[in-house]
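Q: Residues per chain, in single letters:
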Amino acid sequence: MKDLLILFRYISLSKRRKTSSHRINLSWIGYIIPAIAFGLPVGFVIYAPLKNLPMELSELLFSMFITSSSILFILGYAPTIVFNLFGSSDVYLLLTLPIKRTSIFLFKAIDSIIYSIPAVGFILPGCIAYSIAIGKGWVIGSVAGILFIIFLITVSLLFGAIVSKVMSRTSAKILSNLIYLLTVLVYVVILNVIKPDTSSIEGIKNLTYSSKTYLENILYYILPTGWLISMIRGEPIKGFFLLGISMLFGLLVYKISDTLVIESMSSKNSKKVSFSKGSSGSPFFTKDIKLLYRDPQSIYMLLYSIVFPLIILIGNKSYTGAILVMATIASFYCSYITAHLLVMEKKVWPLPRLFPIKLKNLLLWKVLIPSLIYSLLYLAITIFSIYIFNLNSIILLTIPMISIAFLYSGILAIRFFFKDPTRDISSRNIFRIGEVITIELTTMGIVAGIIAPFTVYTSPTVLQGQYKNIIGIGIPVLVSLIVIYISIKMTKGITEKIDAWE
Amino acid sequence: MEQLYAIEAYNLSKRFGEVPAVEDLNLRIKRGEIYGFLGPNGAGKTTTIRMLTGTLRPTSGRIKVLGLDMSSEEIEIKRLIGVVPDEPRIYENLRGKEFIDFIIDIYRLERIKILERLKDLCEAFGIDYLDGYIGDYSHGMKQKLMVVSVFLRNPKVIFLDEPTVGLDAKSVKLLKMLLKRYSQDGSTIFMSTHILEIAEKMCDRIGIINRGRLIAEGTLKELRALSSEGHISLEDLFLELTGEEDISSILEALQ
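Protein chains in written order, with the numbering used here: chain A, 1 to 502; chain B, 1001 to 1255.
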C-alpha cells in the first residue's frame, strides 16, 4: 500500500510538470469532472421513467440500464489496464524498483480508470435515481452503487490480470486494443440496428416489454445486477454477497498480479519452427499485410467502413447512401492506414533503408495496400447492391473511379507525412488538424463528385437525353481525370523528399 | 580484376544543419580486414557507419563499397553488405520466423540452403523463440535475431555498430569467433565498439574518430608509436589520443 502511494506521488509529479506549475495537485479533478458531466444528466433523464413505470417494469428497465453500463465499463476498463501495463515506457523503470509486481499492476490499473469514468458516471447516479424513485432515499442508492462499482472494478482487475498473465506482451497489446475498438463498433451497430425509442415513456415500455423474458431469466437472478436491485429494495444480505465476491476477486488479483511477467517473453519454445515453403513474391506486400491485420486500429478502420454502409444498405434499403458512405469513410481511412504503415517503418528506422529496395518502391505499397483492400470492399458492396436491388450494372463503372480516389487519399497521406517526417508518431493522431480537414474535405468532394452524378444517371426520373450522359457519366470521368492529374503532380513533388528521408 | 579495397571513403562529411558530425573523413579498408572504429560518445561513429551503409546521405564526399559507387549503385551495394545496427529495432508485430522469411525474400536468397544455415546459427546462438512476436523479445534476443539475419546471408562486407551490447557472454564469444572466420574467408568486417579489449584482440587495424575527424589510424603497433607517453594498452592510447585521459583526478575528486 505504501508502495502504491509513493508511485502515485511520483506520477502526479511527472504529470504536473507537463501540465501546470501549480503547487497543489489537482489531477483528481480530471477524474471527477467527466464522471459528473456524464453522470448528472443520465441520473435526471432516467429518474422520470423509473418513477412513472409500473414497479415490475421499472425494475427491468433499471436492470437493463445497469447491465449495459457494466458491460461498457468492463469492456472499456479491463483492456485499458492491459494496454497501460504493457504499453507504458516507465514499466521497465518500475520493475527495477524494490516493489511488488502487484503494486505496479494496481498502479497502472488505477491510472487507467480515467478512461472508464464515464461508465462509472452512469452507474452511481442511476442507482441513486432508482433508489429515490422507489422511495428508499438516496443514501441506500449511493451505498449500493459504490459497492457495485467496487465489484465491477475487481472484475475488470481480475480480467486484466488473467489476460496479462496468459498472453505475451504483444498479443495482450493487440487484443486489448482490438476489444476496445470493437466495443465502439458494437455500440455503433447496436444503436443503428436496434434504434431504441427512449424519447417517450411509451417507447421505453415497448423496449422493456420486448426484453422482458430475456431480462427476467438471465439478468435478474443470475447476474450481480439482480443483487444490486435487491439490495436497493431492502435486502442488505445481497450487498454482503457483492462485497464478499469483490474481496475474493481482489485476493485473486493480488495472487495473479504478483507473478506477472511484464518485461518480456521468457518461455522457451521447444517446438519446431516452420518457415514458408516458397517465396512470397512481394516481401513488402506480405509483411505489410501481416502488420496491418495485427494493428487493431487498422482492423477497426477496415471493419467500420464495411459495417456502417451495410447497416444503411440493409436497414434503410438505400444503396446510394451505402456506397456513398462507404466510399467517403474508406477514402478518408485510406490516408490513415497509409500513414500507419509509414509509422511502422519509421519505428524501426533505419532498418528499411538497409534493404536492397528503392525507398519509392517501399512506399508504393503503403499507398497500394489500403487502396486495394478498400477497392475490393467497395466492389463487394457494389455487387451486393446490384444483386439485392437489381440495379443498373453501369454503377460498376464507379469502381475504378473510386479506386482512383483511394489512391489519391494515400498519396495525400504520404505528401503530408513527408512535409515533416520527424513529426510525433507516438500518438494515434499522426496528422495535424489542418491536414485532417484537407483530407476529409477533398476526399468527400471527390467521392461526391463521382457517385452523385451516377445516381442521377441511374434514376429514371431526374434527367433525360444527352444531359443525362453529360452529367451522369461526364462529370465522374472529368473528376477522375482531375484527380489523376493532381495525384501525378503530387507524386512528382514528393519524390525528392522521399529520397532524402533519413 | 578484384578490387583491393572493400570500403573506401573520400573526403566524407556530414552536417546536421550547422553542426558538423563528420568532417573530411578518408578511409580505405582492405578485403578480408577486420577494422575497428573507435571513438568517444558522439564522436561520429554511427553517422559514419550510416553513411557507409547508405542509410544517410553525406553532405559531401564519395563512398565506394566493393568497388561500387554508393551514389549510383546503392541497391547493389545493399544486396552485398550486412549491417547490425546499434539498436536492434525490428517490426514488433512480426514473429521472428516471419522476419527471417521477409529477409530471405527481400534479398532473394536460396531458401532451402539458407534455412539449413539458419538452423545451425540458431542452435549456436541459442535462438529457440522464433515463433514468438518480436515485440516480446528482450534487447539481447532482438540483437541475436539481427546478428543471425545478417550472418545467414554470408555478406561480403559486414558493418557492426556496437554489436555486443545486450548479448550474453556465450553469444559475444561466438560472435567474435564468427567474425574471425568470416574475415579468414575473405569477408571484410567494419566494427565500432566501446569494448577496447575486443578491438585490441580482434582487429587488424583500428581507426579512432573524435569530434567528427579521424585522428589516428593503423595497426596496434602503429598506434603505440603515436603515443607521446609510451602507452601500450589500447585503453590508455585511446584516452591519450582523444584527450580524455585525465580521469584519475575525477576519481580523486569523487573520493
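Any given hint could be a false lead.
[As the list claims (entries may be wrong)] Per label pair, the in silico range of CB-to-CB distance:
{"#": "1", "chain 1": "A", "residue 1": "Ile425", "chain 2": "B", "residue 2": "Ala1169", "range": "55 to 61 Å"}
{"#": "2", "chain 1": "A", "residue 1": "Lys165", "chain 2": "B", "residue 2": "Ser1138", "range": "57 to 63 Å"}
{"#": "3", "chain 1": "A", "residue 1": "Ile425", "chain 2": "B", "residue 2": "Leu1226", "range": "43 to 49 Å"}
{"#": "4", "chain 1": "A", "residue 1": "Ser393", "chain 2": "B", "residue 2": "Asp1128", "range": "53 to 59 Å"}
{"#": "5", "chain 1": "B", "residue 1": "Glu1200", "chain 2": "A", "residue 2": "Lys360", "range": "24 to 30 Å"}
[To be verified] Dumping the calculated DSS-like pairs for lysine-lysine here, alpha-carbon to alpha-carbon at most 30 Å:
{"#": "6", "chain 1": "A", "residue 1": "Lys290", "chain 2": "B", "residue 2": "Lys1064"}
{"#": "7", "chain 1": "B", "residue 1": "Lys1113", "chain 2": "B", "residue 2": "Lys1097"}
{"#": "8", "chain 1": "B", "residue 1": "Lys1173", "chain 2": "A", "residue 2": "Lys360"}
Since the hints were made in silico from the structure, they are not lab data.
The C-beta atom is built at its ideal place from N, Cα and C for all residues, glycine as well.
Q: All the hints need checking, so say for each whether the structure fits it.
A: We went through each hint and held it up to the structure:
For isoleucine 425/A and alanine 1169/B, the Cβ-Cβ distance of about 36 Å falls outside the hinted range of 55 to 61 Å, so the restraint is violated. Remark: the range hint 57 to 63 Å for lysine 165/A to serine 1138/B is contradicted by a beta-carbon distance near 19 Å. Distance hint for isoleucine 425/A and leucine 1226/B: a CB-CB separation of about 45 Å, consistent with the stated range 43 to 49 Å. For the pair serine 393/A and aspartate 1128/B, the supplied restraint of 53 to 59 Å holds, since their beta-carbon distance comes to about 56 Å.
Distance hint check for glutamate 1200/B and lysine 360/A: the Cβ-Cβ separation is about 44 Å, which falls outside the suggested range of 24 to 30 Å. In summary, the hint linking lysine 290/A to lysine 1064/B is not supported, as the alpha carbons are separated by about 36 Å, beyond the 30 Å threshold. At roughly 16 Å between alpha-carbon atoms, lysine 1113/B and lysine 1097/B fall within 30 Å of each other, so this suggested pair holds. Between lysine 1173/B and lysine 360/A the alpha-carbon distance is near 40 Å, which puts this suggested pair outside the 30 Å criterion.
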